[in-house]
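Chemist: Sequence:
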Amino acid sequence: MRNISVNFIWKIKFAVSFFILILGILSGNCRATAEEIGQISDLPTYEGIAKDLEILPVTVEERLAIVEKIEIEDIAQNTPSQEAEKEEEADIELTVIGEILNQPVFTPFRREGKVRDATRPVYVINRKEIEAQGARTVKEALRFVPGILPDGTVGTEIGGLSGQFIRGSNTGQVLILLNGRPINNLGSGGFDLSEITTDIVERVEVLPGGGSTLYGSDAIGGTINIITRRPTKDIITTAQLKLGSYDLNEQSIQTSGKQGNVSWLLGYNRTRANNNFDYSIPEVDFDGTRENADVLYNNLNLQVNAELNKRQSLSFNTIYLAKDQGVPGGVAIPQISQAAFNSLTDNNRKYTDQVLTDLTWNAKLGKAEDSLLTARVYLDFLNTRFDNRTGEINNHRQFDNNQRSLGFQVQHNWQIAQNQNLTYGFDYRNVSAENVTRNLAEQTETENYDDSIGKGAVFSKYLVDVTPDVRLNLGLRQDFNSLVNGSVTSPAVDVRWNLFEKTTLRGNYIRNFRVPTLFNLYSNSPFAKGNPDLKPERGNSFDIGIDQQLGDIGLLRLTFFNNTILDNIAYDFVNYTYENIGKVRTTGVEVALNLQLAKNFYFSGNYTANDPRILESSNPAEVNQELRFAGADSINLGLSYENPQGWYAGVLMHSLGNYPTNNTNTESLPGYTTFDFKLRVPVSQNLAINGSVENIFDQRYQLFPGFPDAGRIVQVGMNYKF
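Residue numbers (our numbering): -10 to 711.
Note that these hints are calculated values from the structure, not bench results. Heads up, a few of these hints could be off.
Listed below are the simulated DSS-like cross-link pairs for lysine-lysine, each with C-alpha atoms no more than 25 angstroms apart in a straight line [stated by the list, open to error]:
hint	residue 1	residue 2
1	K231	K572
2	K222	K103
3	K222	K339
4	K710	K247
5	K222	K117
6	K588	K117
7	K117	K710
8	K518	K572
9	K117	K103
10	K572	K524
11	K491	K572
12	K339	K247
13	K339	K299
14	K222	K247
Each pair of labels, with its calculated beta carbon distance range [said to hold, decoys possible]:
hint	residue 1	residue 2	range
15	E436	I382	50 to 56 angstroms
16	I382	F562	27 to 33 angstroms
17	V455	F592	22 to 28 angstroms
18	S326	L395	22 to 28 angstroms
19	F711	I382	50 to 56 angstroms
20	D223	V447	40 to 46 angstroms
21	F469	V293	31 to 37 angstroms
22	E381	P480	51 to 57 angstroms
23	E296	E436	46 to 52 angstroms
We put the beta carbon where it would ideally sit given N, CA and C, even for glycine.
Put together the whole structure using the sequences plus the hints.
Modeler: Dropping the structure here:
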């Protein structure tokens, strides 16, 4: 225990020292100039009508603006050089501080707001960053985000199954939203973010810590919200081609526009790669070429928006995700228990076929701009088939999982007064899933489960600016579902205090939960019997942090967190079933720093320290040990050049520390550090060339024992608008 405490105290000291060092460097008369970054995409920023409900109290900045107005005569007498200097300083705030704090964000509020108004730390990957980094899927877009370990445990090649570890939680304990509504697979848990290609994405919002007060089940460790692109005002067609290592061939086309009161967006993406890279596993002196790791995407998306009148709108959105991929397996490593039974599977396949559809109606109530009613109905089909055709024909199996999810959301955003806002509503989701196993040799079929879960909830969130500098959020949610132990109450209390003009303090508490999966509850497998009496997992999430503007050239965000998960659902190796036993507490720190070093030159960096400790377990050897895979510390650094004409060049570093691969901490992986180079060249107003070299120094590593990374990857592409 003493080593545990010493390690965590060292991490905290590192973060605090880093914070003090930056403040010391910038406490002098640092000066820099910059021009506002031009918008890379022609798509307009999101302007949802809920934006009209944003609280607008008189802030410190507004009071300063009033003072400037009073002194306008003195300003008019400034010399041209002084005026230019002031304009340059204003541009710096727009490109560094304003670019981050003024970003639109939905997840912390369940309505449109800004990052600066959130009481909780929220991180946004916008369209500009997605394009600059060349991210092909949502999984890849999360690679450099603080607070999350996004690399998964399978592989780095495109199509590899995603895994999200946030504040000690696993993939099934992270809620995935699509435009604010849940898409998690309740049959087996989680959602594979490698399924969604980034051509449909406007931004991705990451909210570490619990989110059950607003969104219900699964938001026990964090929430990831994928915001899709919206139609443009002008008719624009964009075509993209990208070629790269291991026979990567990505082609996409998207058309968007508006005529009269109707706007639309239609897109298609076809991506193919063989992923046949060379690799080695030194533990067993193995060298070979990755086989059966190919992938083929065929994704479609359609959005149609209609302005019914000046105060009502209707939006239809559907996404079709189809992926056909090989499942190559891993190399067996006898001396490592987690990898002893690995096998290379040269003939296994996985097929996914998913349809995500919703219809949303927005209406401004009354005659003013202070009341917005939103109603949404959604219908999703998540179908996955896994074919095991490796080895003797007697062992060939087919596993088929089909899920249907029908739900609706109704909520009302009401600006009660200038300093008060109330959001309340009702959610309902019914998920039915069928899972079968087929013996391909005997032509027999076994049903593992065929059941459903119905979930309903009422929620409310009251926001009040107690003073112009102090904001308080109070939230409460009551969930009901068809399980025996399904009633859950989720309160939340958040506060934000503008301590000084450039210093903001924040603190948050949220109670969270996660409903057991249908497999946990109803599985008929002889080796994994379901337990219908399982209780939901419960969590308590605390964090406290500071947002510090560094002069006029940067922003530092520092967050300390404590996340406890109780009643963890674990496998009972004696009775071959599942039970509620286990308690994990994760403490740590998240640091994010953004600086403008000089005109058009930028630095970004973040550090995440995780210490997830198992406090209770059915296995005494696991108590006080680190939770496997979830405890790695990560550092991301970036140095880039970007100008208003669209040129971009950047070097990015991604580093993950060592982490245990079992809960007794007797086995571990050493971690890794990679460097990437990204380049974008605007050839003309309509044509841009993109290129990248990922893992420049060809650093080889394993994400799970026996499962290799893809090594160096080179890509080049073009984007043309007409």
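Chemist: State for each hint whether it applies.
Modeler: Against the structure, the hints:
Of the pairs offered as hints, the one joining K231 and K572 is violated, with about 46 angstroms between alpha carbons and a cut-off of 25 angstroms exceeded. With a C-alpha separation of about 23 angstroms, the suggested pairing of K222 with K103 holds against the 25 angstroms cut-off. Note on K222 and K339: the hinted pairing is violated, with a Cα-Cα distance of about 39 angstroms set against a maximum of 25 angstroms. Using a Cα cut-off of 25 angstroms, the hinted pair K710 and K247 holds, with the two alpha carbons roughly 16 angstroms apart.
Distance hint between K222 and K117 is fulfilled; the C-alpha atoms sit about 19 angstroms from each other, no more than 25 angstroms. Annotation: proposed proximity of K588 to K117 holds, straight-line Cα distance about 19 angstroms (limit 25 angstroms). For the proposed pair K117 and K710, the alpha carbon gap of about 16 angstroms is at most 25 angstroms, so the pair holds. Distance check on the hinted pair: K518 and K572 sit about 22 angstroms apart at the alpha-carbon level, within 25 angstroms; holds.
Only pairs whose Cα atoms come within 25 angstroms are accepted, and K117 paired with K103 is accepted, the gap being roughly 17 angstroms. The suggested pairing of K572 with K524 holds, with an alpha-carbon distance near 14 angstroms, which does not exceed 25 angstroms. The hinted pair formed by K491 and K572 fails the criterion: a straight-line CA distance of about 39 angstroms is larger than 25 angstroms. A C-alpha spacing of about 39 angstroms is found between K339 and K247, which places the hinted pair above 25 angstroms, so the restraint is violated.
Only pairs whose Cα atoms come within 25 angstroms are accepted, and K339 paired with K299 is rejected, the gap being roughly 47 angstroms. About 5 angstroms separates the Cα atoms of K222 and K247, which keeps this hinted pair within 25 angstroms; it holds. At about 23 angstroms, the beta-carbon gap between E436 and I382 misses the expected band of 50 to 56 angstroms. For the hinted restraint 27 to 33 angstroms between I382 and F562, the CB-CB distance of approximately 31 angstroms keeps it satisfied.
Distance hint check: the CB atoms of V455 and F592 are about 36 angstroms apart, inconsistent with the given range 22 to 28 angstroms. Between S326 and L395 the Cβ separation comes to about 42 angstroms, which falls outside the hinted range of 22 to 28 angstroms. Between F711 and I382 the Cβ separation comes to about 53 angstroms, which falls inside the hinted range of 50 to 56 angstroms. Our hint of 40 to 46 angstroms for D223 and V447 holds, since their Cβ atoms are close to 42 angstroms apart.
The hinted range of 31 to 37 angstroms is satisfied by F469 and V293, whose Cβ atoms lie roughly 34 angstroms apart. The hinted window of 51 to 57 angstroms between E381 and P480 holds, with their beta carbons roughly 56 angstroms apart. The hinted window of 46 to 52 angstroms between E296 and E436 holds, with their beta carbons roughly 48 angstroms apart.
Of the numbered hints stated above, those contradicted by the structure are hints 1, 3, 11, 12, 13, 15, 17, 18, listed in ascending order.
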